[in-house]
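Chemist: Sequence:
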Amino acid sequence: MACLHCNACKGPNIASMDWQSSQVVRLFNPRLDRWDDHFQIVEDRIEGRTPEGRATVMLLDMNNAANVSLRELLRRSGMGIGA
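Numbering-wise, the working numbering puts 77 at position 77 of the sequence shown, and it's gapless, one number per residue.
Derived from the structure by calculation, the hints contain no laboratory data.
From a predicted model like this one, the values you see are computed outputs, not experimental measurements.
Worth double-checking, as some hints may not be accurate.
Claimed, not checked - What follows is a set of in silico ranges between Cβ atoms, one per label pair, in the way DEER data are often shown:
#1 Gly78 x Cys3: 37 to 47 Å
#2 Arg76 x Met17: 25 to 35 Å
#3 Gly78 x Val24: 34 to 44 Å
#4 Asn7 x Ser69: 28 to 38 Å
#5 His5 x Gln40: 33 to 43 Å
#6 Asp36 x His5: 34 to 44 Å
#7 His5 x Arg49: 35 to 45 Å
#8 Ser22 x Gly78: 33 to 43 Å
For each residue, glycine too, the CB sits at the ideal point set by N, CA and C.
Between the sequences and the hints, there should be enough to build the whole structure, so can you do that?
Modeler: What follows is the structure in structure tokens.
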């Protein structure tokens with residue numbers, strides 16, 4: 001349930017560091033967790049709302065330049081999240 005880039009970044013990890021709380025936390029699990037509980041989109045960037053969300057965003061490199069550009073393009077075309 002992840003793109004090739006995110007899957008490669010995740011590797012075998014099931015947890016990562018949330019630098020805001022300085023805790024090691026489990027990663028977001030799309031089979032168990034609700035996306036809206038853990039993430040929000042702000043100006044085409046995904047921000048973590050929770051320690052799990054923040055750790056997942058960092059580990060999966062969800063805001064790399066290509067992904068942010070794609071979200072902007074989709075939003076401008078009316079095809080983005082919440083469109």
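Chemist: Hint by hint, note whether the structure agrees.
Modeler: Hints versus structure:
1. Glycine 78 and cysteine 3 have their C-beta atoms about 22 Å apart, which leaves the hinted 37 to 47 Å range violated.
2. Between arginine 76 and methionine 17 the beta carbon distance is about 34 Å. The supplied range of 25 to 35 Å therefore holds.
3. The hint said 34 to 44 Å for the Cβ distance between glycine 78 and valine 24, and at roughly 40 Å that hint holds.
4. At roughly 20 Å, the beta carbons of asparagine 7 and serine 69 sit outside the given window of 28 to 38 Å.
5. In this structure the supplied range 33 to 43 Å is violated for histidine 5 paired with glutamine 40, their Cβ-Cβ distance being about 21 Å.
6. Between aspartate 36 and histidine 5 the beta carbons are some 22 Å apart, a value that contradicts the proposed interval 34 to 44 Å.
7. Hint check: histidine 5 to arginine 49, Cβ distance near 22 Å, so the stated range 35 to 45 Å is violated.
8. At about 40 Å, the beta-carbon gap between serine 22 and glycine 78 stays in the expected band of 33 to 43 Å.
Comparing the model with each numbered hint stated earlier shows that hints 1, 4, 5, 6 and 7 do not hold.
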